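S.K.: Here's the letter readout for the chains.
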Amino acid sequence: MNNNSVLKRLVSNPDFSRLLILILMFTLTAVLQRNFFAMKSIVRNINSFTPLILLTMGQAVVILSGGLDLSVGTALSLMTCVLTSVMKEGVPITGFFALAVAFAVAMAIGAVNGFGIGYLRIPPVIVTFATSFIWLGIALFLRPTPGGETVDWFQAFYKIRNIETAPAFLKAFGEIIPPALILVLLGCVLWWVISRTKTGRYIYAVGSNSQSAYETGINTAWVQMRACMINSVFILLAALFFVGQNRSGDARMGDPLTLKAIAAAVVGGIALTGGRGSVYFALIGALIFSFVSKIIFFANIPNAFQTLFGGVIVIVAIAGSQVYTLSSRRAMEESKLT
Amino acid sequence: MSVVGSFRDSTAYKVVDRYKKLIIAFLLIGFLFVLGEIVVETFLTVGQILLTIKLASFIALFGLCQMVVIASGGSGLDLSVGYTATITAVFTAAIMDGQNANLWMAILVAIGLGIAIGLMNGVLTAYFKLPPLVVTLAMANILQGVINVYTAGKNITGRPSPVLQIIAAKSSGMFPNILFILLIITPIVMIIMYKTKWGLKLFGSGSNETAAYLSGVNVKMVRCTAFIISGTLASLLGLLLLGNMGIAFKDMGSNYVMPSIAAAVVGGVSLTGGDGNYLGVILGAIFLQTLTNLLVALGWGDAGKWTGFGIVLFVLLILYVSNRRKR
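The listed protein sequences derive, respectively, from chains A and B. Going by the working numbering, the first sequence wraps up at 346, each residue one higher than the last. Going by the working numbering, the second sequence wraps up at 328, each residue one higher than the last.
Hints are computed from structural coordinates only; laboratory data are not their basis. This one's a predicted model, so the numbers in the text were calculated from it and none came from an experiment. A couple of the hints might just be wrong.
Unchecked claim - Restraint-style ranges between C-beta atoms, simulated for each label pair:
| no. | chain 1 | residue 1 | chain 2 | residue 2 | range |
| --- | --- | --- | --- | --- | --- |
| 1 | B | I185 | A | R337 | 46 to 52 Å |
| 2 | B | G113 | A | I309 | 24 to 30 Å |
| 3 | B | G302 | A | A108 | 27 to 33 Å |
| 4 | A | G98 | B | L36 | 42 to 48 Å |
| 5 | B | E42 | A | G225 | 57 to 63 Å |
| 6 | A | P264 | B | I186 | 33 to 39 Å |
Said to hold, decoys possible - Calculated Cβ distances over 10 Å to all of chain A for the following chain B residues:
| no. | residue |
| --- | --- |
| 7 | R19 |
| 8 | L131 |
| 9 | K171 |
| 10 | S208 |
| 11 | T211 |
No residue lacks a Cβ here, since even glycine has one placed at the ideal position from N, Cα and C.
Throw the hints in and build the complete structure from the sequences for me.
M.R.: In structure tokens, the structure reads:
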């Protein structure tokens, strides 16, 4: 084995080139954004990337299990509406009630999606397309227009400094490590734990070959349902962040994030056919996606172009990853043959 | 046992079995009308029914786009129909500017736009093997973006030509004119889908891809064509929507996407492809419009409408599409 082939293998390894792209995008953004390394802009970047990162990781779990969730955006909106409907301003205890109710709602959302995907075996895209309208409708019942009340301490999910009653050391801590980062780390830890249990391995098994997983005695339906529930937890984390940030609920706010989360997962190397990819690389995909959006933003493109470029990026990203994955697999096979 | 067996062989059973889903759709509509009449007074009047049919015609026509794409298989669905219609309406409003003479130009532009959008969807899904829902959702985003760019800093100008308004919005006597369009299109669709070679290829690609391929059907081409037809139809529907509303606005078509898919499912179009009856889609559209009317009459508005549509679609998916493992 000579050097040349090692290099060739490294380049044709998709994960390696994804890291390269991330570094490239990171550098480009650092060059374009003034004060990129200032504490303030780092925190601002983390805050603006967090929702997509969380949703992408959740979506990745569902895709790995052989599903796909088109209801992520409206589920997120619904959770923000539930949170802000249960909370009463100035009554701190209602915040805990809201957390409990929102968690129950999240589990219910995951259970319904998982029931359709796993137990009923309806094509995932279509069943979650249907449920996305149920979530939207319920969210509109709760909040026909954006608004709602939040308790003061809920800002702990966004900026601890904004809470007047918080002790000084917590405020200082929040300045160094923003709550958004903690939410992302929480998501990573959650997946780290799950991926070390049976559930984690079953998710891959069911996603890559549902039939043989079933035949080896895995309860595939229950595994897919659990994957949807894990996704719901990630969505809930994003909802907490949004409510902390905006202090209101909005039945329409999550819509654009659905597609971005899918695209970011694909950029991160999650195969839409299921069973292949890594949730951590989905995180990297979300980062790449966010940096690209950021770069487009710095290129001084008018606001009106944002939606257009969002859609184009998604198509290019998905088509590009597909072509790249296919061609690199072919290259790998050829290098094995020779 | 033999009694059941002989019943299963009888012609009546076969007819019922074949049109099972149509009958269910019909019963659902009847149920809603009765329910509406009980809950809301003056629900079941001639005027109300004709209005329902007029509004349902648009859903049914969008449903045709979905049906063609779904029938071609590959778990196809077209989520970009709403914005395809919108972008055509926005562009052609300026072209027509209220003049009948400009209608031909507008129709040409509509067809051109529809083919271009459908071709992109088709190539990406059929040849690049990307999931249709994701591709068409992204396409919807792109079209919405184009509309945003086009309308940035200025108003959408122009009006539809009078002929278009007569076709889409006015009535002859008591019957809405759009109903006649539907009555003309339905037999044409039925003939193309069930009596021509191309229809056979379409359903063949949907029901068994491998068999169709081995018997010489270019499955990719058929699927791509299905998307082109869907795009073109949606684009022409944009003209009708424009005629109905009188002006173009930013998201005039987006509310039709979900109902069009739901109408296809209610109407018994198999989502795995290869099967479907356009009459069912029309019944499905009428059902959804009646449901909307009922929910609006009850004062539940948008929230009730979307929840209702979501639940109806979910329940029918369970009944029609569910593929539980046999134990």
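S.K.: Against this structure, judge whether each hint is valid.
M.R.: Now the hints, each set against the structure:
| no. | hint | verdict |
| --- | --- | --- |
| 1 | B:I185 with A:R337: 46 to 52 Å | 50 Å, holds |
| 2 | B:G113 with A:I309: 24 to 30 Å | 27 Å, holds |
| 3 | B:G302 with A:A108: 27 to 33 Å | 29 Å, holds |
| 4 | A:G98 with B:L36: 42 to 48 Å | 44 Å, holds |
| 5 | B:E42 with A:G225: 57 to 63 Å | 59 Å, holds |
| 6 | A:P264 with B:I186: 33 to 39 Å | 34 Å, holds |
| 7 | R19 | 23 Å, holds |
| 8 | L131 | 6 Å, violated |
| 9 | K171 | 32 Å, holds |
| 10 | S208 | 16 Å, holds |
| 11 | T211 | 18 Å, holds |
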